[in-house]
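Please take these sequences and the hints and turn them into a complete structure.
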Amino acid sequence: MNANTTWIVIAVVALLVIVALALVAGRARGRRRQRQAEQIREHARLQAAKVERREALAEETAAKARAAKAEAEAKAAEAARLQDRADAHQTEAASAREHLQQQWDHADRLDPGADKRAGRDDPNTAWSSEHYDPTTDVQAVRHETYRGAPE
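In short: position in the sequence shown from 1, add 2, done, that's this note's numbering.
In case anyone wonders, no lab produced these hints; they're calculated from the structure. It cannot be assumed that every hint is accurate.
[Unchecked claim] With a straight-line Cα cutoff of 35 angstroms, these simulated DSBU-like cross-link-like pairs (lysine-lysine) come out: (1) Lys52 with Lys71; (2) Lys52 with Lys66; (3) Lys66 with Lys77.
What follows is the structure, encoded as C-alpha coordinates:
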(Lines of atoms letter the chains of each structure in order from A and count residues from 1; the text may use other names and numbers.)
(Lines give C-alpha, C1' and ligand atoms only; values in the text may rest on other atoms or scores of the structure.)
Protein backbone atom coordinates (compact mmCIF):
# COMPACT_ATOMS: atom_id res chain seq x y z
CA MET A 1 0.00 0.00 0.00
CA ASN A 2 1.20 3.36 -0.67
CA ALA A 3 1.43 6.20 1.82
CA ASN A 4 -1.62 7.99 0.56
CA THR A 5 -3.80 4.97 0.99
CA THR A 6 -2.49 4.49 4.50
CA TRP A 7 -3.31 8.05 5.34
CA ILE A 8 -6.76 7.68 3.86
CA VAL A 9 -7.40 4.53 5.91
CA ILE A 10 -6.12 6.25 9.06
CA ALA A 11 -8.34 9.26 8.33
CA VAL A 12 -11.39 7.05 7.74
CA VAL A 13 -10.72 5.09 10.95
CA ALA A 14 -10.22 8.32 12.88
CA LEU A 15 -13.41 9.67 11.39
CA LEU A 16 -15.28 6.50 12.36
CA VAL A 17 -13.88 6.72 15.91
CA ILE A 18 -14.96 10.37 16.14
CA VAL A 19 -18.44 9.54 14.83
CA ALA A 20 -18.70 6.61 17.27
CA LEU A 21 -17.61 8.83 20.17
CA ALA A 22 -20.14 11.47 19.12
CA LEU A 23 -22.90 8.84 18.99
CA VAL A 24 -21.96 7.46 22.41
CA ALA A 25 -21.80 10.97 23.87
CA GLY A 26 -25.18 11.84 22.30
CA ARG A 27 -26.79 8.71 23.71
CA ALA A 28 -25.29 9.37 27.16
CA ARG A 29 -26.53 12.94 27.02
CA GLY A 30 -29.99 11.67 25.97
CA ARG A 31 -30.11 9.21 28.88
CA ARG A 32 -28.95 11.94 31.26
CA ARG A 33 -31.69 14.27 29.95
CA GLN A 34 -34.27 11.48 30.34
CA ARG A 35 -33.22 10.94 33.97
CA GLN A 36 -33.33 14.67 34.61
CA ALA A 37 -36.79 14.93 33.00
CA GLU A 38 -38.03 12.00 35.11
CA GLN A 39 -36.71 13.67 38.28
CA ILE A 40 -38.47 16.89 37.31
CA ARG A 41 -41.70 14.98 36.64
CA GLU A 42 -41.47 13.22 40.02
CA HIS A 43 -40.88 16.54 41.77
CA ALA A 44 -43.84 18.03 39.87
CA ARG A 45 -46.06 15.10 40.98
CA LEU A 46 -45.11 15.73 44.62
CA GLN A 47 -45.73 19.45 44.23
CA ALA A 48 -49.09 18.75 42.56
CA ALA A 49 -50.17 16.71 45.58
CA LYS A 50 -49.14 19.54 47.90
CA VAL A 51 -50.98 22.08 45.75
CA GLU A 52 -54.13 19.92 45.78
CA ARG A 53 -53.96 19.75 49.60
CA ARG A 54 -53.54 23.53 49.75
CA GLU A 55 -56.50 24.01 47.41
CA ALA A 56 -58.64 21.70 49.54
CA LEU A 57 -57.61 23.61 52.66
CA ALA A 58 -58.39 26.92 50.94
CA GLU A 59 -61.83 25.66 49.90
CA GLU A 60 -62.52 24.38 53.42
CA THR A 61 -61.41 27.67 54.95
CA ALA A 62 -63.54 29.62 52.48
CA ALA A 63 -66.56 27.46 53.38
CA LYS A 64 -65.93 28.11 57.08
CA ALA A 65 -65.62 31.83 56.37
CA ARG A 66 -68.92 31.82 54.46
CA ALA A 67 -70.61 29.95 57.32
CA ALA A 68 -69.17 32.37 59.90
CA LYS A 69 -70.27 35.33 57.78
CA ALA A 70 -73.78 33.90 57.47
CA GLU A 71 -73.88 33.29 61.22
CA ALA A 72 -72.65 36.82 61.90
CA GLU A 73 -75.28 38.24 59.55
CA ALA A 74 -77.96 36.18 61.28
CA LYS A 75 -76.75 37.39 64.67
CA ALA A 76 -76.67 40.97 63.42
CA ALA A 77 -80.23 40.59 62.17
CA GLU A 78 -81.27 39.10 65.52
CA ALA A 79 -79.49 41.94 67.35
CA ALA A 80 -81.28 44.51 65.18
CA ARG A 81 -84.61 42.79 65.79
CA LEU A 82 -83.97 42.73 69.55
CA GLN A 83 -82.86 46.37 69.48
CA ASP A 84 -86.07 47.30 67.66
CA ARG A 85 -88.02 45.33 70.23
CA ALA A 86 -86.15 47.03 73.09
CA ASP A 87 -86.79 50.43 71.51
CA ALA A 88 -90.49 49.59 71.22
CA HIS A 89 -90.58 48.49 74.86
CA GLN A 90 -88.74 51.65 75.87
CA THR A 91 -91.21 53.78 73.94
CA GLU A 92 -94.13 51.92 75.51
CA ALA A 93 -92.57 52.29 78.96
CA ALA A 94 -92.00 56.02 78.47
CA SER A 95 -95.58 56.41 77.26
CA ALA A 96 -96.87 54.40 80.23
CA ARG A 97 -94.68 56.43 82.60
CA GLU A 98 -96.02 59.67 81.10
CA HIS A 99 -99.60 58.41 81.38
CA LEU A 100 -98.92 57.40 84.98
CA GLN A 101 -97.50 60.83 85.74
CA GLN A 102 -100.63 62.39 84.24
CA GLN A 103 -102.73 60.22 86.56
CA TRP A 104 -100.68 61.37 89.57
CA ASP A 105 -101.00 64.97 88.48
CA HIS A 106 -104.74 64.59 87.93
CA ALA A 107 -105.14 62.98 91.36
CA ASP A 108 -103.11 65.80 92.93
CA ARG A 109 -105.34 68.38 91.24
CA LEU A 110 -108.48 66.61 92.50
CA ASP A 111 -107.19 66.28 96.06
CA PRO A 112 -104.32 68.74 96.61
CA GLY A 113 -104.18 68.09 100.36
CA ALA A 114 -103.41 64.35 100.08
CA ASP A 115 -99.95 62.98 100.77
CA LYS A 116 -98.34 63.29 97.35
CA ARG A 117 -95.67 60.65 98.07
CA ALA A 118 -98.14 57.93 99.07
CA GLY A 119 -98.00 55.06 96.62
CA ARG A 120 -95.12 56.53 94.60
CA ASP A 121 -92.43 54.94 96.78
CA ASP A 122 -93.76 51.43 96.22
CA PRO A 123 -92.46 50.29 92.83
CA ASN A 124 -95.02 47.46 92.72
CA THR A 125 -97.87 49.93 92.86
CA ALA A 126 -96.91 51.64 89.63
CA TRP A 127 -95.96 48.50 87.71
CA SER A 128 -98.17 45.83 89.22
CA SER A 129 -100.32 45.53 86.08
CA GLU A 130 -97.23 44.88 83.93
CA HIS A 131 -95.80 42.22 86.24
CA TYR A 132 -97.87 39.52 84.61
CA ASP A 133 -97.59 40.84 81.05
CA PRO A 134 -95.87 38.05 79.05
CA THR A 135 -93.92 40.54 76.95
CA THR A 136 -92.17 41.90 80.04
CA ASP A 137 -92.04 38.72 82.13
CA VAL A 138 -88.62 37.19 81.48
CA GLN A 139 -89.72 33.64 82.29
CA ALA A 140 -92.72 33.93 79.99
CA VAL A 141 -90.51 35.22 77.18
CA ARG A 142 -88.14 32.29 77.66
CA HIS A 143 -90.99 29.83 77.56
CA GLU A 144 -92.44 31.48 74.47
CA THR A 145 -89.07 31.37 72.78
CA TYR A 146 -88.24 27.77 73.60
CA ARG A 147 -91.61 26.07 73.82
CA GLY A 148 -93.88 28.14 71.65
CA ALA A 149 -96.24 29.29 74.43
CA PRO A 150 -95.99 30.33 78.09
CA GLU A 151 -96.53 27.69 80.75
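Do the hints match the structure? See the list:
{"no.": "1", "hint": "Lys52 with Lys71", "in the structure": "holds, 28 angstroms"}
{"no.": "2", "hint": "Lys52 with Lys66", "in the structure": "holds, 21 angstroms"}
{"no.": "3", "hint": "Lys66 with Lys77", "in the structure": "holds, 16 angstroms"}
Going through the hint list in order, the structure satisfies each hint without exception.
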